[in-house]
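Peer 1: All chains, full assembly: derive it from the sequences and hints.
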Amino acid sequence: MAPANTDRPDPGLLAALGAIVGPKWVRSHLTERRPFEADGLPTHASVPMAVVLPSSREQVIAVLKLLAERNVPWVARGAGTGLSGGALAGGNAVLIPLTRMNRILSIDPVRQRAVIEPGVVNARLSDAAAPFGLQYAPDPSSQTACTIGGNVAENAGGPHCLKYGTTTNHVVALEAVLPDGSLARLGSPHGEPWGPDLVGLFVGSEGMFGIALEITVRLVPLPTTIRTLLADFATVRDATEAVGSIVAAGIVPAALEMMDQACIAAVEASIYAAGYPTDAAAVLLVELDGATASVEAEAALVHELLRAHRARGVRSAETATDRARLWQGRKKAFGAMGRVAPDLVVQDAVVPRSSLPSILETIGTIGRKYRLTVCNVFHAGDGNLHPNICYDRRDSALADRVARASAEIMEACVAAGGSITGEHGVGADKIDYMPMIFDSTSLAMMCDVRRVFDPANRANPNKVIPIHACREWREPQ
Amino acid sequence: MSVSILESLRSIAKSAVISGPDGVPVVRPDSAEAIAAVLGHASEQGWRARVEGRGSWMPTDAPADFVIRTGGLDRVVSVAPADLVATVQAGATLETIDQSLAAHRCWLPIDPPGGDSRSLGSVLATATAGPLRHRFGPVKDHVLGTTVVTGDGRIVKAGGIVVKNVAGYDLTKIQIGGFGAFGVVVEANLRVRAVPAARALVVATGTLDLLLDQARLLREAAIDLASLELCSPTLLGGDRWTLIVQATGTAPGVAAEIDRVRSVASGASFEGLGPGQASRLNRAVAQAALDGPVSLRAGVLAAGTPDLVDTLGETIGHRRLSASLGAGGVRWVGNPTEAHVRALRHRFAEREVPLTLERAPWAFRRAVGHFGAFREGVRPIAARLRSTFDPKHVLVSAIEATE
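As given, the protein sequences belong to chains A and B, one line each in that order. Once you know that position 384 of the first sequence is 390 in the numbering used here, the rest is easy, because the numbers rise by one and skip nothing. Once you know that position 261 of the second sequence is 255 in the numbering used here, the rest is easy, because the numbers rise by one and skip nothing.
Hints in this document: simulated from the structure, not taken from any laboratory. Here the structure is a predicted model, which means the values were calculated and not measured. For each residue, glycine too, the CB sits at the ideal point set by N, CA and C.
Footprint (simulated), chain B over chain A, 3 or more residues, beta carbon under 8 Å:
| id | segment |
| --- | --- |
| 1 | 161 to 172 |
| 2 | 378 to 390 |
From the structure, some residues in chain B lie toward chain A, with a derived Cβ separation under 8 Å:
| id | residue |
| --- | --- |
| 3 | Ala74 |
| 4 | Asp164 |
| 5 | Ala216 |
Peer 2: If you want it as structure tokens, here you go:
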């Protein structure tokens, strides 16, 4: 629990916010603000000074104009499922959850586009598109709760991003309100940027450039054929080498996911049991989709490659129910790990695929060094690791070991040529790791670009860019 | 003035500096640091620089105090076939890149107008994709990270060399299709693909309406294709429209998809071409984009393409027109007037379709700008970004119209 933020905005500000959104949608008492102190990351918390919940674009614009006039910092938030502390608002910042802006404004099956408000839950959009034979492809594990606005802020990924790309590949236009309350229409519904690619720049800016009010996304046809395979291996190295061989063969599976033994054990002991072999060192979940003949040919080749890399068994999901069961274990793996310990740090890093065998051994060594339980469940096809560390945050010595182990894992991934985050974002959690991958000039440029949108640095302050590491960074004039 | 600039550049650049044909000094740096030194000095002096790749796409006619030619940065720095990534300097031609990748059984599925003599930097700056964008996406989808020299000589890195990465703002995006206004890309990390086991190309010819209808049928049948490109009669030098269909993948998969193309087709016959003929046809499509002084691209979806093609036909003629009837996007090459472009932009804007000027002589670019009028709120952002990456506007670019 974060220390209580007893700061309260002046009553005049609260009244003005209440006049915009209605008094009951402004939360100012500590007990009302406390539920917003954290997102999905257990290691960071801070209580916002006030919480305001707008329900329309006009209200959001009016709120931002008011906060600009009074020079008050703010943080936009979706469902709070983020895993980098990106939606934390501390100090004198006002938190603006956008969950009430949850309308799907239109679905155009001919043009394969949807226009939505930022608070629409990810899975709800695919559900709404399904009757038209379409889907919204990015599918973070939290897709039944996370919002597309949050996905835009973080450039969220998911298992099927290996083939279909991440959020940035699916957002074609945005209506955004900037921190000064002005509007900007970025991109075009057709996908051509209409000027510099500001949609590409905005997606993944972690709520520091403005708030997306309307989001136009690309929908893709549901595949005609899907084949899901589960392979189990006696060693992690065999499994990771099989991953490399599949990709190098020119096959781009829809998803290529891996779970190690600790993760399999957690899943199989939970209500999400998927029938994974508990004596396996690792399992690979390979999903192929597309036209029938291609999928059949690729499945045969993948089967061969898995066997060539000493898979002990390869199961194929024959029915939609089988497929859903195999996926349930993967998608609910984080939930299953909740049984292992009260708290779970879901780490996120990327390495070149060819480094997977060695980096997993290194992560195992780091876990043993700090006497921690590390479970690995991750997007193997794109080298996006999720080492998950189970712990109890009430034990401060243990929490310190978790922090040191996390930092060492990041260092190892960067040393392997990778990145500190593949899909969760930098937020507050990884801000100190940024100098591992960017020099001071590049960080200073990010500061400058942020100030193009937000000259006063009021939108989601103190996230992503470690100001102290920026060369020649100056205070606003 | 040029003489003193020439001498100054020689002392700073530590690279070859020559006097160009029009007396304008030309620097051919061989490193990011050399470009940074030159641009840093130019920014202090208030000089204007024209950046040139291989000179095979954009006319090299923009007035400037000196020229930076990226041809000295032409190396494929590394290829990692197991990771399907490559690091390439911006002055490398696509032909060089293809050859290097092929030795590792890899492939960069970018087939831009103008062909493979173009430099990577030119393709990135103009975001010019070709027919393969149907399957493999726009140019930006192939770029994982960039090293950029800003107009005032800072070396900025963005992105990384892994296929998935959200660390920091995605500054790479602003460079792709930025028409050189936001810095000089000197190196890029690219996502490459394994060479497909099989490829096939089939073509049908006929009237515009017939082929638009065939493409619609193929789209509705969700056939898995690498490209679905419509070409006007003038573009390929015949009297009929042509629909070019490519498939890549496993041999059985490609064969099955081509069979489906033929079975779905109604009233058109698709003829298969051998590898040599297919390659010549693809080259012809790319080269045709140079058969006119001006290249325009309209960002329209496949469903809106028939109307847009009609509008082009009625106003400036079909000329050399190609359209991706899956991914969307129409390219038009010819010799329009500035008034034509302005009028078309006005008309297309009602349909929310941007019309980007991809290539034209400098006077034309300067007059109408690469983008024309921006949408609400974009102009000030674009202007501030430009000043952020190039505070003294050293880099000559026509991202904004002047008239």
